[in-house]
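K.L.:
Protein chains in written order, with our numbering: chain A, 2 to 250; chain B, 2 to 250.
Keep in mind that the hints were calculated from the coordinates and are not lab data.
Which copy is meant is left open, so a pair is good if it fits within one copy or across any two.
Calculated cross-link-like contacts (lysine-lysine; reagent style BS3-like; alpha-carbon spacing at most 30 Å):
#1 K32 with K9
#2 K147 with K32
#3 K147 with K17
#4 K97 with K32
#5 K32 with K18
#6 K5 with K147
#7 K5 with K32
Take a look at the letters that make up each chain.
2 protein chains.
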Amino acid sequence: MVSKAVAKYVHALHLKKYRLRHGAFLVEGGKSVRELLSSGILTERLLITAEFNEKIQAELPAGLPVDVVSEAELTHLGTLSTNNTALAIARLPEEKPLLPDPNQLLLALDEVRDPGNVGTLIRLADWYGLAGVVCSDTCADPWAPKTVAATMGSFTRVPVWQRNLPEWLGSLAPELPVYGADLHGDNVHRLTLRPAGVLVMGSESHGLTPPVEACLTQRLHIPGRGQAESLNVAVSAAILLDNFYRNEQ
Amino acid sequence: MVSKAVAKYVHALHLKKYRLRHGAFLVEGGKSVRELLSSGILTERLLITAEFNEKIQAELPAGLPVDVVSEAELTHLGTLSTNNTALAIARLPEEKPLLPDPNQLLLALDEVRDPGNVGTLIRLADWYGLAGVVCSDTCADPWAPKTVAATMGSFTRVPVWQRNLPEWLGSLAPELPVYGADLHGDNVHRLTLRPAGVLVMGSESHGLTPPVEACLTQRLHIPGRGQAESLNVAVSAAILLDNFYRNEQ
Numbered sequence: 002m003v004s005k006a007v008a009k010y011v012h013a014l015h016l017k018k019y020r021l022r023h024g025a026f027l028v029e030g031g032k033s034v035r036e037l038l039s040s041g042i043l044t045e046r047l048l049i050t051a052e053f054n055e056k057i058q059a060e061l062p063a064g065l066p067v068d069v070v071s072e073a074e075l076t077h078l079g080t081l082s083t084n085n086t087a088l089a090i091a092r093l094p095e096e097k098p099l100l101p102d103p104n105q106l107l108l109a110l111d112e113v114r115d116p117g118n119v120g121t122l123i124r125l126a127d128w129y130g131l132a133g134v135v136c137s138d139t140c141a142d143p144w145a146p147k148t149v150a151a152t153m154g155s156f157t158r159v160p161v162w163q164r165n166l167p168e169w170l171g172s173l174a175p176e177l178p179v180y181g182a183d184l185h186g187d188n189v190h191r192l193t194l195r196p197a198g199v200l201v202m203g204s205e206s207h208g209l210t211p212p213v214e215a216c217l218t219q220r221l222h223i224p225g226r227g228q229a230e231s232l233n234v235a236v237s238a239a240i241l242l243d244n245f246y247r248n249e250q
Numbered sequence: 002m003v004s005k006a007v008a009k010y011v012h013a014l015h016l017k018k019y020r021l022r023h024g025a026f027l028v029e030g031g032k033s034v035r036e037l038l039s040s041g042i043l044t045e046r047l048l049i050t051a052e053f054n055e056k057i058q059a060e061l062p063a064g065l066p067v068d069v070v071s072e073a074e075l076t077h078l079g080t081l082s083t084n085n086t087a088l089a090i091a092r093l094p095e096e097k098p099l100l101p102d103p104n105q106l107l108l109a110l111d112e113v114r115d116p117g118n119v120g121t122l123i124r125l126a127d128w129y130g131l132a133g134v135v136c137s138d139t140c141a142d143p144w145a146p147k148t149v150a151a152t153m154g155s156f157t158r159v160p161v162w163q164r165n166l167p168e169w170l171g172s173l174a175p176e177l178p179v180y181g182a183d184l185h186g187d188n189v190h191r192l193t194l195r196p197a198g199v200l201v202m203g204s205e206s207h208g209l210t211p212p213v214e215a216c217l218t219q220r221l222h223i224p225g226r227g228q229a230e231s232l233n234v235a236v237s238a239a240i241l242l243d244n245f246y247r248n249e250q
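Chain A on its own, in the form it takes in the complex (with noise of 0.2 Å):
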């Protein structure tokens, strides 16, 4: 059993109100708890069953508190449908300096708003090796433990900066490419695409919004011979970042 002040700190990091307040957010499962320990990123506590504990033991840092708890204990503390293994609470990571590299690419998220599709675009940054994520103020919270889970661990290993999109992509410099998915775009195929500048992603049910639209210098589109309407987030951006990494092996 954990004490009550432990388990209300744990539900109230359910929240990004409270996560934003205490510095603070979950890791949930052994995958991902393990990632953690591994990366530079801080843990405050860990809350572990007893068989899990065991298989762990020689990777836990000396004088983390640690708290053995029933499954039913962990699943009831977190997030997940069910929880066997460990729950940690961690501290957020200071964000990184923001310095577009004109050789470089960056994903930035316009009103991506499902947690899980976050996580998904966080870790393709991670199999592309970007330099990071940047979210609209209006996307799923990059630090959700939905969004973590998705991520499979790459939330230790890819920067992330929420911004006010249109505001942040205003103040580039106006030689950076800043390119968006369009239907009505450049088929991709026919291009040789330099992963530099920034690639946005829209909104799940309505695309970019007009004025992150306004600052794109080009537009992309997939071509598809199919009657879908459209592609997912997250397919639709590893598609285009494929395109984009194509020509750099």
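Once you've looked at the hints, dock chain B against the given chain A.
P.N.:
Same frame as chain A, now just chain B:
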């Protein structure tokens, strides 16, 4: 208010067992219900809010039983966290004959257990105009409410089959190419792929099962430059399909 019998029937159709027994499935949300009504799939009954009923009047087929219900009742009956539009009961479409055409590409799914992923993959198959999607018996049910929702209407257009996957793959003509994703496969950026044969995608956590892997004729690798160990299954499929179709336009 719907009758107790209708409420019981709708609740039963949350479960695969009863979908099979009754040969029916649920379609939830205004957009999906509209796609259903304009498709060749038979609708048995429509449960609809008064507001949405006004909007959709012109699209309703004559003789379709319609219950006008409150938002609260609709949400209670269905699986969405809120539903202020519609829920339909539809007949499971009859399976088309599964005859692989050596000039078309089929997508096969091996133990993809998340209904959101299965739905996103069906939507992707629709985008690229694939011949259809063959799901292993161990996949999430393609007719589960969450799968149907994630297809974003593509459930009305993409033929879907459920099969014992190793058995079916074993029965194919030996000259038909069977592709699968593999970290040690051939770099897709260096291949010129033709969209013909079968592309098999494995489970979220374990990749392809050994009996399915044994059926592959070519292994494909998506080159990444970062540190993520793997990609989401729908994201990987999207990148591979784009590599199959980029030489066709």
